[in-house]
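J.: The lines below spell out each chain.
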Amino acid sequence: MLSYGGLAWVSAISTRHKTALQEHGRAVAWRLIVLVTLLKPLSNLFLAWGMQQLPRTLAMNPLLFLRAMVDPLVALGIVMQIVWLLARMSLLSVADLSFVLPVTASGYVLSTLLGKLVLHEQVSASRWLGVVMITLGTAFVASSPRITKQAGGPR
Amino acid sequence: MRWVWLSVVVVSAVLGDLLQSREMKMEGGEGAPGMGRVLKLVATRWNLILSILCMAVSFFAFLALVRTEPLSFAVPASAASFALETVLAKFVLGERLAARRAAGAILVCGGIVLVAR
Chain A
1 MLSYGGLAWV
11 SAISTRHKTA
21 LQEHGRAVAW
31 RLIVLVTLLK
41 PLSNLFLAWG
51 MQQLPRTLAM
61 NPLLFLRAMV
71 DPLVALGIVM
81 QIVWLLARMS
91 LLSVADLSFV
101 LPVTASGYVL
111 STLLGKLVLH
121 EQVSASRWLG
131 VVMITLGTAF
141 VASSPRITKQ
151 AGGPR
Chain B
1001 MRWVWLSVVV
1011 VSAVLGDLLQ
1021 SREMKMEGGE
1031 GAPGMGRVLK
1041 LVATRWNLIL
1051 SILCMAVSFF
1061 AFLALVRTEP
1071 LSFAVPASAA
1081 SFALETVLAK
1091 FVLGERLAAR
1101 RAAGAILVCG
1111 GIVLVAR
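Line by line, the protein sequences are chains A and B. Note that our numbering gives residue 71 to position 71 of the first sequence, counting from 1, and the numbers run on in steps of one. Count along the second sequence starting at 1, add 1000, and that's the number in our numbering.
Just chain B, with the same shape it has in the complex (with noise of 0.2 Å):
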């Protein structure tokens, strides 16, 4: 069962913020939103609900994994988001992956994995 509750945690984390990036991302222009501005959004997005019910599924699912299985695991496990979505922010989002923030972002992942098994 701890597979299919990881699954579901990295998918819809994964799915959440590609979503979540690509909509706030276009309201950057003018410095970053406070609080009552994001919530606003929220509640006019589709692609924002949307990315807060992935982030939802993705939450209730490691809620449900950190029950059965230690943090220890659940944790670094769940960090194969991360490297899923550094990715996707290349191909998906049109992010520029240049040498440093490749290398830092191996490393970070890496050290995630180190540090939380």
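Pulled out of the complex, with its shape left as it was, chain A reads as follows (with noise of 0.2 Å):
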């Protein structure tokens, strides 16, 4: 039998070991909104390109999808696509959808950063105050918790 030492000795363990799995858990949760956030803007960006490409018949023949598909650039967007789409259902199980929406919308600002100083696009006053909006509306949900509804929820 333990002692009452004894078992202060393993609660102390105990939860440093919860500390280390929820510390563990928060950074992965990061890594996959880094991720996402990324992912987005740029798979949409080759998406736009290779579509930009094709015959414009193409958005009333849906057969012709498949043929886009074959493009390097739409191939290249829809890889991107599958995997953002599968790192956000990871990242849906450890947040709520009401923080992932919010918090991966930062990709909007990355967007016009490097329409900005890559491609030397203007942008007007409006989208800088857009970029504001963003950056303050993440940074508000980012600092809330990010899940509020646990596992078992409605089914």
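Fair warning: there could be bad hints in the mix.
Sample of chain A residues facing chain B (criterion: CB under 8 Å; computed from the structure) [said to hold, decoys possible]:
#, residue
1, 25
2, 28
3, 48
4, 85
5, 90
6, 93
7, 96
8, 97
9, 98
10, 102
11, 112
12, 129
13, 133
14, 136
15, 138
To be clear about the criterion: a stretch of chain B counts as covered by chain A if any three or more of its residues have a C-beta under 8 Å from a C-beta of chain A, and this derived list gives those stretches [said to hold, decoys possible]:
#, region
16, 1020-1027
17, 1099-1113
Hints were generated in silico from the structure; no laboratory data involved. Note that CB positions come from ideal geometry on N, CA and C, so glycine has one too.
Once you've looked at the hints, go ahead and assemble the two chains, each given alone in its own frame, into the complex.
T.: Written as structure tokens, this is what we have:
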């Protein structure tokens, strides 16, 4: 039988283990958030580039979508979308939908900055205001608890 | 035609996300599952299969939309799903929208419209 000191020691180890697991879970969640945030704007960019090189009748003929997938840019965009989807599903298992949506919206900020810094696009004042709003909103949401509804919710 | 494609993008994205979030929340007890585990779940859970179908419909409708409309219209307009999903996350999924999170979501939603128009 364990003495009081022994029990306290086991309890301390268990608390430390629990804290380490929580820290690990938080680190994994934030890694997934970064991956999901980066992949979305990049995949949209490749899809838009690829689709704009195809005939305009494509939108009216669903079968031609299959042909569009052979285009290297569209194919790359689709692969990135698949990885994005799996990473986001994994993220949704440890974070609320109402947390994931605004936090990963920082991809819009990234797109604007890339447009300005890499493509030297003109960015209007209202767009910069939008960037500030998204950054503030993301910071607000990121500082709220990641999950408010535990497993076993409505089915 | 742009509004038809846009409606399909928004409605199917909202349905897909709600189904996916509800189903994946059941898996989060012991940390985030890896990609292999997620693939296995997709192959075995009807709600996840349905959510992927919804997202595929949304994806193809988005392709059709960006084919005929500029990305600067398609992206902010499809952000309507963002607002709808945040509200439905509270009422359908039972998530708690505390003041900080709600304020952040409103700021982000307005920001998306400004950035992408």
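J.: Given residue 28(A) as an interface hint, is its Cβ closer than 8 Å to any Cβ of chain B?
T.: 5 Å, holds
J.: Let me know if the C-beta of residue 138(A) comes in closer than 8 Å to any C-beta of chain B, holds or violated.
T.: Holds - the Cβ of residue 138(A) comes within 8 Å of chain B, reaching about 6 Å at its closest.
J.: Double-check residue 97(A) for me: the hint is only fine if its C-beta lies closer than 8 Å to a C-beta in chain B.
T.: 4 Å, holds
J.: Are there at least three residues in the region 1020-1027 of chain B whose beta carbon sits under 8 Å from a beta carbon of chain A?
T.: holds (count 7)
J.: When the nearest CB of chain B is found for residue 112(A), is that gap smaller than 8 Å?
T.: Residue 112(A) check passes; min Cβ-Cβ to chain B is 6 Å, inside 8 Å.
J.: Can you take a look at whether the region 1099-1113 of chain B is actually covered by chain A? Rule is 3+ residues, C-beta closer than 8 Å.
T.: holds (count 13)
J.: Would you settle whether the hint for residue 48(A) is holds or violated, based on the nearest Cβ-Cβ distance to chain B being less than 8 Å?
T.: 5 Å, holds
J.: Less than 8 Å between beta-carbons is the criterion; does residue 129(A) satisfy it with respect to chain B?
T.: 6 Å, holds
J.: Does the interface hint hold: is residue 90(A) within less than 8 Å of chain B, judged Cβ to Cβ?
T.: 5 Å, holds
J.: Does residue 136(A) pass the interface hint, meaning its C-beta sits closer than 8 Å to a C-beta of chain B?
T.: Holds - the Cβ of residue 136(A) comes within 8 Å of chain B, reaching about 5 Å at its closest.
J.: Quick check on the hint: residue 133(A) CB to chain B CB, less than 8 Å?
T.: 3 Å, holds
J.: Identify whether the interface hint at residue 102(A) stands, where standing means a beta carbon of chain B within less than 8 Å of its own.
T.: Check passed: Cβ of residue 102(A) comes within 4 Å of chain B, closer than 8 Å.
Going through the hint list in order, the structure satisfies each hint without exception.
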